[in-house]
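Student: Working from the sequences, and respecting the hints, build out all of it.
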Amino acid sequence: MAALVAFVTAPGGRAALVGDAPDARPEGGALGTSGPEAVGPVAELARRAAELEAAGDVRWVWWSAGADAAALAGAAVPVARCWDVAEAHRLLAGGWEATPQVAWATARGLDRAGLPEATRGDLFDFDAAAPMPELSDVGLGRVVRPDGYLDPDAGTDGWHPDDDTLLAWARTALECARAQQSALAEVGPRAVAAARSESAAAFLCLELARDGLPVDRATAEQMIAEAAGARPTDEAHARRIRAERDTTVLRHTPGRETTDLRNPVQVKELLASVGVVVPNTRKWVLEPFRDTHPVVDALLEWRKAERIATTYGYPWLDAHVGPDDRLRGGWTACDGAAGRMTAQNGLHNLPTALRPAVAAHPGHLFVRADLGQIEPRVLAAVSGDEAFAAATRADDLYAPVAAALGVDRPVAKIAVLAAMYGQRSGAAGEALKDLERTYPVAMGYLDAAYAAGLRREPLRTFGGRLIRLDAVLADVPAESAAAYDAARGRFARNAVIQGSAAELFKAWAATVRATTRDLGAQIVLCLHDELLVHVPAQHAEEARARLEQALTDSARRWTGSSRVRFVADASIIHRWSEAKD
DNA sequence: GATTTCACGTA
DNA sequence: CGTACGTGAAATCC
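Residues in the first sequence are numbered from 950 upward in steps of one, following the numbering used here.
In case anyone wonders, no lab produced these hints; they're calculated from the structure.
Among the hints, a few may not be true.
What the hints assert, rightly or not - Straight-line Cα separation of at most 27 Å, DSS-like style, residue types lysine-lysine; simulated pairs:
| # | residue 1 | residue 2 |
| --- | --- | --- |
| 1 | Lys1217 | Lys1232 |
| 2 | Lys1253 | Lys1217 |
| 3 | Lys1253 | Lys1232 |
To be verified - With beta-carbon atoms standing in for the labels, derived distance ranges:
| # | residue 1 | residue 2 | range |
| --- | --- | --- | --- |
| 4 | Lys1382 | Trp1233 | 25 to 31 Å |
| 5 | Arg1166 | Arg1256 | 45 to 51 Å |
| 6 | Val1214 | Thr1259 | 15 to 21 Å |
| 7 | Val1223 | Arg1166 | 40 to 46 Å |
Even glycine gets a Cβ: it sits at the ideal position worked out from N, Cα and C.
Tutor: Shown next, in the form of structure tokens:
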């Protein structure tokens, strides 16, 4: 078993590293007596960490990758195993808030309501707390208060610990990680493994932010030019281009040229004047009126161009694509709801029209792979439905389902999706009833999640992530209590599937990262069920094979069996836009 | 200046 | 065929 070694940093460029050999620790013995221990400038500690990583079996512990491990990612330390206290806490307790103080309190079983407030300036300055007696022998008392809570200022921006305090901060992280492991072991058989996988994903997020997504700048400029016009030379030029774009719509409605197309109220009035009366001007509302009046089609085309001009235009390119032609944004390992990864600066919602601009750099290729029919396959795994699991053995899961129900494939597909996502009406009605009879375990699992949502009872994903129903939907406006309840039910039903799928995806990504590193491969994009890996051209085929093997292995570890089959569609491409093979 | 609404891109 | 996320422009609130 890997030895835990904490790596923590403090403002001012200091870091501490403290190891603890768990098996060597005598019963009731002191902590931190058998492993490495160092404190100093973060660059120096990162070098020491690189040596330890190269030498042996280490699992790094940090309060969070973003706060503590940036220097390791920056120095390209090939971190193989880690424990991210914040990610472990998010798994254990749900939601997104995961400061060291909250994570520590939860792991130690302290009441969340008793958390002390951070001090502010000199108004509430008080004398440093006396060390906590039972922890003072190893120095944790420097950051742990007598009442057991963490010093509320520890780890915050304005905190300037001395060396001994920073060492105590590292030892406390170790202690917190151990307490979390115990707590997660109680949650379920997969939760500790899930925390490790989430931790790896959090470090991967630093690497994604560091490396960026390879872009072909010339193509990007060309695609932007097609939608938004030439790059403006000055403000007046920019206004002129904007006006020309507006004219493509306004020329269809003489007399209304002053309409502001960016103002939905005015657009609604404009449409009403040509007989298109709509409650709002959303795309799917206007779509049926495309042929009613030419201004509708012109408006929808204008919106597409306007989107690229404003969100993905020249300012976006200049701000987020570096001189090395890499598109960079911040990444998080999980959102606050079900636990999917998030990304900023358009990395997760780049219009497909711009995908030709995402291109492998010279000498490299992309291996692109996505998980096929991931959500129904995950449903089969998490529900334990043997009949549904049997259907996953087919490349196309809907084919055996259609055969079992005695319906055409499209009907089977709609029925399965309707069951998972909530709509229980419409064309799928009859097939849904058959689905309930044929796969009662899987359908029962979904119904139970829905019912728990109605009752406001928190749920856990397959990997043990707590799905909270209080905070997430608190601000959803609802006309009636029943609508609010139903929204909660749908959310719960969706979250156990979406969240579990996210866990498998991250386990897969972490395995790919580990098993393709020696090829010089970089994961450059994670998109919920899709991976884009940038790899030296001569290793592309090998990398593709390892991606598929990684799925088999991580799915097997995650589900604990091979009853449910997961499939990846993997191809080697130059540009993200290229068709699947 | 901060927050809300509308709209729309991705899965 | 539901859920989630991030972004920008304009309106609205304070």
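Student: Take a look at whether the Cβ-Cβ distance between lysine 1382 and tryptophan 1233 falls inside 25 to 31 Å.
Tutor: 29 Å Cβ-Cβ, so the 25 to 31 Å window holds.
Student: Given a hint of 15 to 21 Å, does the C-beta separation of valine 1214 and threonine 1259 actually sit inside it?
Tutor: For valine 1214 and threonine 1259 the Cβ distance comes to about 19 Å; the hint holds.
Student: Hint check: lysine 1217 vs lysine 1232, CA-CA at most 27 Å. Holds or violated?
Tutor: 12 Å, holds
Student: Assuming the hint says 45 to 51 Å, is it satisfied by the Cβ distance from arginine 1166 to arginine 1256 or not?
Tutor: 20 Å, violated
Student: Please check whether valine 1223 and arginine 1166 have a Cβ separation lying inside 40 to 46 Å.
Tutor: 41 Å, holds
Student: For lysine 1253 and lysine 1232, compute the direct alpha-carbon distance and say whether it is at most 27 Å.
Tutor: Holds, at roughly 10 Å.
Student: Next pair to validate is lysine 1253 with lysine 1217; report whether the Cα-Cα distance is within 27 Å.
Tutor: It holds: about 18 Å lies between the C-alpha atoms, which stays within 27 Å.
Comparing the model with each numbered hint stated earlier shows that hint 5 is the single one that does not hold.
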